[in-house]
Amino acid sequence: MATETQPPESESDQTPPDGNNSLRRYFRNIVDAPRDFGRSMIRHGRPTSDRARSQAIFTNLFLHIMPTRIHKYSLRIRATLGLGVITLVLFFLLTATGIPLMIYYKPSVEQAYDSMKEIQYVVPTGRFVRNVHRWAAHAMVACVMLHMARAFYTAAYKGARKFNWVIGMALFVMTLALSFTGYLLPWDQLAFWAVTIGSEIAQSPREVTDALGITSWCDVGGFQKQLILGANHVGQEALTRFYLLHVMVLPLATVALLAVHFWRIRKDGGLTRPDIEDRTTASAIGSPETRPARTYGLMAVVPGRTSAVNLNLTNTIPTWPNALYAIAALTMLTLAVTLACGYFFDAPLTEQANPTVPENPAKAPWYFLGLQELVSYSAFAGGVAIPAIVVIGLMLVPYLDRDPEDVGVWFAGKKGKKVTLLTAILATVTVIGMLVFTVNNGWLRNWYPDVPQIVITFVNPGTVLLVVFALWSLCVTKWTNSTRLGAIAVFTCFLVAFVILTYFATVHRGPNWDFYWSQADWPHH
Amino acid sequence: MSNDLHSSPRFQPPPERRDFLGLAAIWSAVVGLGVAALGAVRLPMPSVFPESNSRVKLGPVSRFKEVETTPVPEHRLWVYASDEGLYAISAVCTHLGCIVSKEEGKGFFCPCHGSRFDIDGKVVAGPAPKPLLHLLLSVSPDGQLVVDKQKEVGGDVRLQV
Numbered sequence: 001m002a003t004e005t006q007p008p009e010s011e012s013d014q015t016p017p018d019g020n021n022s023l024r025r026y027f028r029n030i031v032d033a034p035r036d037f038g039r040s041m042i043r044h045g046r047p048t049s050d051r052a053r054s055q056a057i058f059t060n061l062f063l064h065i066m067p068t069r070i071h072k073y074s075l076r077i078r079a080t081l082g083l084g085v086i087t088l089v090l091f092f093l094l095t096a097t098g099i100p101l102m103i104y105y106k107p108s109v110e111q112a113y114d115s116m117k118e119i120q121y122v123v124p125t126g127r128f129v130r131n132v133h134r135w136a137a138h139a140m141v142a143c144v145m146l147h148m149a150r151a152f153y154t155a156a157y158k159g160a161r162k163f164n165w166v167i168g169m170a171l172f173v174m175t176l177a178l179s180f181t182g183y184l185l186p187w188d189q190l191a192f193w194a195v196t197i198g199s200e201i202a203q204s205p206r207e208v209t210d211a212l213g214i215t216s217w218c219d220v221g222g223f224q225k226q227l228i229l230g231a232n233h234v235g236q237e238a239l240t241r242f243y244l245l246h247v248m249v250l251p252l253a254t255v256a257l258l259a260v261h262f263w264r265i266r267k268d269g270g271l272t273r274p275d276i277e278d279r280t281t282a283s284a285i286g287s288p289e290t291r292p293a294r295t296y297g298l299m300a301v302v303p304g305r306t307s308a309v310n311l312n313l314t315n316t317i318p319t320w321p322n323a324l325y326a327i328a329a330l331t332m333l334t335l336a337v338t339l340a341c342g343y344f345f346d347a348p349l350t351e352q353a354n355p356t357v358p359e360n361p362a363k364a365p366w367y368f369l370g371l372q373e374l375v376s377y378s379a380f381a382g383g384v385a386i387p388a389i390v391v392i393g394l395m396l397v398p399y400l401d402r403d404p405e406d407v408g409v410w411f412a413g414k415k416g417k418k419v420t421l422l423t424a425i426l427a428t429v430t431v432i433g434m435l436v437f438t439v440n441n442g443w444l445r446n447w448y449p450d451v452p453q454i455v456i457t458f459v460n461p462g463t464v465l466l467v468v469f470a471l472w473s474l475c476v477t478k479w480t481n482s483t484r485l486g487a488i489a490v491f492t493c494f495l496v497a498f499v500i501l502t503y504f505a506t507v508h509r510g511p512n513w514d515f516y517w518s519q520a521d522w523p524h525h
Numbered sequence: 526m527s528n529d530l531h532s533s534p535r536f537q538p539p540p541e542r543r544d545f546l547g548l549a550a551i552w553s554a555v556v557g558l559g560v561a562a563l564g565a566v567r568l569p570m571p572s573v574f575p576e577s578n579s580r581v582k583l584g585p586v587s588r589f590k591e592v593e594t595t596p597v598p599e600h601r602l603w604v605y606a607s608d609e610g611l612y613a614i615s616a617v618c619t620h621l622g623c624i625v626s627k628e629e630g631k632g633f634f635c636p637c638h639g640s641r642f643d644i645d646g647k648v649v650a651g652p653a654p655k656p657l658l659h660l661l662l663s664v665s666p667d668g669q670l671v672v673d674k675q676k677e678v679g680g681d682v683r684l685q686v
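In the order they appear, the protein sequences are chains V and L. All residue numbers for the first sequence refer to my numbering, where the first residue is 1 and numbers rise by one. All residue numbers for the second sequence refer to my numbering, where the first residue is 526 and numbers rise by one.
Bound-form chain L, shown alone (with noise of 0.2 Å):
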């Protein structure tokens, strides 16, 4: 039985003592450098990001009730406020992140690559893949408005205050 095994084609003498040692040991450096190697890349992706809160008080919801837009350049955001509530839209560009200016009743433009936005941030022109952010506004116990910079809301979400 075990001559027909040997005879066949497909069989393959089992590897030397020493070939098999010499080879688990290349193959467990290899792996022992590997995991090391993947070690040291992790260290520079971090676990906690140097950030400030994405979420700040921008002021008494009054102010921005009584005109129709209010820039507030420091958080790179415009406010409006419209019939049905307020809206805040981010002025980062979502293509490669440059801060769009607004040219009053035509929209958005970004000064890097030439992206258009109408009015709402919708895409009109330009690489931009999607339009820009409307940002979740709600009001604190004081009083004040509140922007949270990283929650993306729908176009139509309106704060009614």
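Just chain V, with the same shape it has in the complex (with noise of 0.2 Å):
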């Protein structure tokens, strides 16, 4: 028990034994210093107990984000993946890098590749800190993404969760935010052109505004690309926006928003888990709309299914040990795997921006690749409406897909697997084929040179892919009567869109972003 380990607080102010000798107690007090500093730091002392483990989860700042005790199958590896937990792990890694990197970059256009050559060739252990930087920000867009995935194909944003998938959305977001803005920071020839192209992505609304003729006095995208840039060339003041929102702004958003997310795991009813899980003692106390409304704490009495606190105590464990040596090891399993890349491979630092000729070709990172292959075939649509479209409709989803069942089954059973893998099918069919057909014929420019530029804006590859995408999810509703399979459906249709783009564009474009099957292709200069 806790109470069996804790010192009495008025220890000190008792007389001691040994009478009013002040100095042997002085003496004593400092041998006994480094121990009644750890017993006021933590009071309870070393708990022995289950329940005095589950005390020190709940009382202490950091620990009590979490339940003291948790279900069985939130541990079990299909039920999370532990990609929410490597992601925060890459978070505070990035955090735990980038601060080290401050002290020497410089953020100006003069210094700012002479301080990135510095950190690479100079500085003490610069070159594995600055590796581990970038391998753990490519690490954490993927498993956002993964993350995303796995939340989706286990229905985790239906009911009370719905509005922490879009805080979900808000923080993929954030992070890819994050990544374009660290990108700059280099000065190097990828950095300089990468940012200039997104800019420009910003001012491209102006494809329709021109084609309307109202640019003169209504020029959102001229006014987003100067907002952005502070100027209408990437120079210093770019780069003094971009520095101060990687290291201050977006952070500290993220954390903001990392905080409200993993409250409202608690307060949502948890990790999503199957119904069936609950099923077997279920019975016993009662069934949810008889069951008596329980009260957490002092405050709330919580509604619902999901909070019934005492149902299932049956299935849960201690969250110490059980919960805290899964996060320990998934902790430890990240940091191994991202140390390790750093020691081994560098992170690529090319040549001095040079604002007179780019590289040919100039290719974003992996992630926004696919987005640039949808901007060869037009700026507006490929680099805001389409993204734009599909980071609304997911932040949708959840309002459009009501249906209650399935939470927590992976891929809504045996049907939604069916038209999964379906949809995958079909998907990979559509695009592969939109892109052969794209690479053979051209599109409408070079059919018809003059077509007016707003018809390629509104009918390109890429628009016919997100309309196919959307009569295809509408067609299975319809067929399967379940909003949630057409969810699955589009949602399938994107991630299998999303990887076959970035695959293509990272391996069959090259030079003038031509087709080539490898880079061996490429013709030499």
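If you are wondering where the hints come from, they were derived from the structure by calculation, not from laboratory data. Fair warning: this is a prediction, and the values are worked out from it, not measured in the lab. Glycine included, C-beta positions come from ideal geometry on N, C-alpha and C.
Covered by chain V, per the in silico footprint, the following chain L stretches (three or more residues, Cβ under 8 Å):
(1) 566–579
(2) 593–605
(3) 611–625
(4) 630–637
(5) 640–650
Which bits of chain V does chain L cover? Going by a derived footprint, with three or more residues having C-beta under 8 Å, they are:
(6) 194–201
(7) 227–240
(8) 444–453
Two chains, each in its own frame: build the complex with the hints.
Set out below in structure tokens:
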């Protein structure tokens, strides 16, 4: 019991046994100081029982985001794949490597590239820390996407969890924004041209306003670009803004959103699990309707099934040690993989930024390459319209698909697995077919050189795919009479398209954005 | 008369004075904070852009008249001499701002997203929404060719010298 190990608070006030020898007492205090310090920091001492460990979880500021007991199912690998924890570890690792990099990095056009070289070749462990920062950033983007796919395919966005899915989408956008702003800082060729292209994409609504003839008084595109760059070209103003966003604004916003994200997991009923996992004990306690509402702490009476606190006592296990060990293992695994990558592989650093000659080909980081392929059909459609529709569409998923069944079940069971597989095959065929067609035949501009740009903006391979996916999803919804399966169809379409476009742009696009079977076929200069 | 009004279904009793004052307080706070937020957003939008003059001297006119094509990479443009006069084509791709490269007799190619332009800068393939810009040329009093990098002119405009 915690109380047994707790020393009496008033020990130091009692008259010590050796009378008034204050000097002796003083020296004994020196000897005892470390242990006394430990006791003052953690009052309950080492918890030796389940109850004491639960209490430790409950009362510790950092541990109390977790419940004291956790459902057995939540610790199975298939429940979460550990992706949320891995992403969090990567975020901490990025903070821990980013701050030391700030010691040497100088956000000025004249000195940025030189300070990168210094970090790379002069600063002790500088190259390693920068490598880890870069690989952890890539890994975090990948893990955020996988985590989103996991949450989607286990229907972890339904009922009380609706809003947390939206927070998750905001965190996804934050992660991409952090990556993009970090991309400019080295001030090498890759950085300069990626951000030039990015800021021009922000300006691309001009494609539409030009066609309508309203650019002169309603220049949304120009406004966005100037707001991002603080100028008309990528220069010192842009570097200052990107640096501020990267090291300050976006990390703070991310931390705030993360806090809400974790808090909501608890408040929305814990990690998602299938209903079937609860049924064994549910009958003994009563149906959700007849069960009394439970009281949490002092404040809230929380209605609903998911928050009936003691319902699953037999299915739960203490968080300490079970969940803590799982989290510790995931942490060590993530650190091991990322640090090993940082040790063995160097992060790229190309030549210093040169505003007169772009790289050929100038490729974005992998997670934006799918978008770059779409942008090569139309800047506005591929760079603004389609990403906006996809992100807003994803945010709306929980509000459009409200069927309460299948929460926690991967792919919504057998029928859903069939829909997922069929959709994946159809989407693969459609996307590859579209790419083959476009590479072989070009598009409207090749056939009718005088076609107005606005037609291409709205009718191009990207928008055609978008419409096909939307129609397919509507058909699935109708045929299966289930909005959940319709949602699975459209999500699978986008996932497949993302993967194929990313692969295609990585491997098969070469100089002048021409098609090549592999990099070995690129022409030599 | 007033009785009729009160019994009609459309009639809503006026809000209590307390409610009115409370609502007024809340809304004035919202409006005040909103205006303050707008002001904070106004700050990052610069009113003066840190740029050098868009009009630059390129060199003596005679130098450009002698050669059919003169590349000016530091200002991202080419100067052409034809029988009708001089003209300048910008090398900045109208799609997403990359610098196009020129292939003799064929036209211009953008390395970033594959836009292609003919020798006059007209789009033949790829995502570029507009032809390459033809820039305004003039002659300064000391006989130098001057280009304005922000003034676009029609594709058939020539500077007679």
